[in-house]
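Undergrad: Here's the letter readout for the chains.
There are 2 protein chains.
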Amino acid sequence: MVSYRIFAKKILIVRFDNRKKLGILGGGQLGRMLIQAAIDFDLTIKTLDPDSDAPCKYISHEFVVGSLNDYDTVMAFAQDCDIVTIEIENVSIEALEALEKQGKAVFPQPSVLRIIKDKRVQKQFYQQQNLPTAEFILTDNQEHTRSFENFLPAVHKLGQGGYDGKGVQILRSADDFRKAFDQPGVLEKMIDFEKELAVIVARNQEGETKTFPVVEMVFHPEANLVEYLFSPANISKETEQKADAIAIQIANALGITGLLAVEMFLTKDGQILINEVAPRPHNSGHQSIRANDVSQFEQHLRAILNLPLGSTKAHSKAAMVNLLGEEGYAGEAVYQGMDEVLAVEGVHPFLYGKRFTKPFRKMGHITIIDQNFEKLKEKVIFVKEKLKVIAKN
Amino acid sequence: MVSYRIFAKKILIVRFDNRKKLGILGGGQLGRMLIQAAIDFDLTIKTLDPDSDAPCKYISHEFVVGSLNDYDTVMAFAQDCDIVTIEIENVSIEALEALEKQGKAVFPQPSVLRIIKDKRVQKQFYQQQNLPTAEFILTDNQEHTRSFENFLPAVHKLGQGGYDGKGVQILRSADDFRKAFDQPGVLEKMIDFEKELAVIVARNQEGETKTFPVVEMVFHPEANLVEYLFSPANISKETEQKADAIAIQIANALGITGLLAVEMFLTKDGQILINEVAPRPHNSGHQSIRANDVSQFEQHLRAILNLPLGSTKAHSKAAMVNLLGEEGYAGEAVYQGMDEVLAVEGVHPFLYGKRFTKPFRKMGHITIIDQNFEKLKEKVIFVKEKLKVIAKN
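Protein chains in written order, with the numbering used here: chain A, 579 to 971; chain B, 579 to 971.
Just so you know, the hints here were simulated from the structure itself, not pulled from any lab data.
Misleading hints may appear alongside valid ones.
Since the list gives no way to pick one copy over another, a pair counts as held whenever it fits inside one copy or between any two copies.
To be verified - The calculated lysine-lysine pairs, modelled on BS3-like cross-linking and capped at a C-alpha distance of 25 Å, are: (1) K635 to K624; (2) K598 to K966; (3) K599 to K635; (4) K891 to K955; (5) K635 to K598; (6) K891 to K953; (7) K744 to K940; (8) K599 to K936; (9) K744 to K767; (10) K757 to K767; (11) K820 to K767; (12) K767 to K846; (13) K962 to K940.
Between the sequences and the hints, there should be enough to build the whole structure, so can you do that?
TA: Okay, structure coming up:
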């Protein structure tokens, strides 16, 4: 007789019900991969996006075109949804708050979004919670920012509305102040970091948390986007544990239900500083689809459905290369070199269904699996060299 | 400088083009999982199925309701498709032949379907090709079948139209002849087998072949369906190599482009006999989604798009449990015990989006990952015990 008890550690109260309708605010690539995971749970999916040709269009049960920031649009959209989630932070939090008051399940909670959406509030939250982060100054406008020349070099971030490298400026000297934002922002001390790391943590309603292995990100110098990453990060056990503990600490401090992606700096003297967080599936977790027991997308679903969280164990070492629109090309996308990279063992394409490319647009990503870290690096170089997103003539 | 040549073993001629429209005949679970893989290649998907509520309905770009066996319906359906494939054999081969003549890419080729679709032709093909299979007699009708009492015990199979255990009867003694089919069929000598094995092989237009690891299937005694399987099979290296070689031999003999699932018997004296084949993704390969580098579905796409085939390496041991409608229940499906099985490490649900359950209907499957074979077996028992597809009151 098998002892069942050893497997079923914790029986949750909420019963799995596949007839739930999940509303997703945002129909981009994160929504697309979330839907791919939701298909296996047989959830009914309704998506809202301002772009009538968004990546989620053809794989949602219902696809609604409309503004994510418009209160009435979001309210109307969500009326027949059982659970509402997001794939982008830049949405009407007021509407989400009203939906929550109506008794709808809204995850991540609007209260969490309030803290994260504004980078000024986010930084103050870290300070209050004694969470390690770079020194900062809140700035009102460009003029105000100019008064902190002594604080340079620093990174100037727009309080609200930034995404994918937009809303961030590096200010090295007084000359750069002309690039400073003329709206409320935060000036962060430039960190002389060794590596940029990220940990994705999931937390369900019961407060169960699970972290994915720490990853190491390399940013594109110009586009300020993740260019590629390695999972797990090539760091000491001690750093790994520290990063992991910080991610769990933030998730618990926020009380979030859902995924939280925590981007961090590993400083040259071995400190970990929180850079910023995102309350949703994140670019730094895409490799989990191929390399871990559960993907970040399935994990987000488990968290917001209040199901037991899945094992995040990595069965393979992996790299993830973002597929950005090539400079100098705009128009209908063509994936040059795909045949060649697909001939490489362990290479898997993820195209986002975006018809048009433009410089640095995120068109897809490539996951590479290899148990040998050096080979993984060689394959990253090969993929970056051979695979280009250009445009049709 | 990295040597790229080592990775890109073979550069194919056909260039990857994500703007291709793929027509799928059949909109069931195999089509559904095929589409899930196709999303990552950004293919445009059009699906044909007689059931207006088929599992592929909401994830196809276009979903057409119509008969798969009607020549005109299939012809009209496929006119704007670049590539046509199937997820079920029971389709109008005449239409596929006409489409092929028009110059369309039809994979698997209609000539292959002609051989496989009729089990009588299939068996004769093995004989001609000197491929090992159970002894058989072609039967015209029930009366004719009765004349082979000396051949019993035997398995009587309907020549055409059988699927999922339908169209198969076990004839142990003369009494059972009343169950014999009254249409053209094949009477196969009953094999006293040790195990039932399966190998899925992919072959692209260039003739490149790749096999998935041999799996071991356990059939449901009543429903004559795969109940669960283990990957890789618990067999000797020698048996493994023999099974693998036979699968490649059949694929090459057929000249198939696409996937071929080869079901085999391992006899008590260590022989391998081909049971039957299916020219498409197959129930015996579902675990590949979670346990292998490429899934059978991605591999089928690579084969029919003439892309390099992916590595089929298993990164994990896996079991797959079919989720069949519980006896005594018919109606809107409810998945009882899902919370409990999801609490078990390595358990992943795949629900097929079928609204209504009935006894033995394939409603989904569960993949279980565990590096330890004994634990895997325990988890299979747990899942089979706890998870039931019942109906709403």
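Undergrad: Run every hint past the structure and note whether it holds.
TA: Against the structure, the hints:
| no. | hint | verdict |
| --- | --- | --- |
| 1 | K635 to K624 | both (10 Å within a copy, 15 Å between copies) |
| 2 | K598 to K966 | between (40 Å within a copy, 19 Å between copies) |
| 3 | K599 to K635 | both (16 Å within a copy, 16 Å between copies) |
| 4 | K891 to K955 | both (21 Å within a copy, 20 Å between copies) |
| 5 | K635 to K598 | both (19 Å within a copy, 18 Å between copies) |
| 6 | K891 to K953 | both (21 Å within a copy, 17 Å between copies) |
| 7 | K744 to K940 | within (13 Å within a copy, 48 Å between copies) |
| 8 | K599 to K936 | between (34 Å within a copy, 24 Å between copies) |
| 9 | K744 to K767 | within (18 Å within a copy, 70 Å between copies) |
| 10 | K757 to K767 | within (16 Å within a copy, 82 Å between copies) |
| 11 | K820 to K767 | within (22 Å within a copy, 65 Å between copies) |
| 12 | K767 to K846 | within (15 Å within a copy, 73 Å between copies) |
| 13 | K962 to K940 | within (14 Å within a copy, 43 Å between copies) |
In summary, the structure agrees with every hint in the numbered list given earlier.
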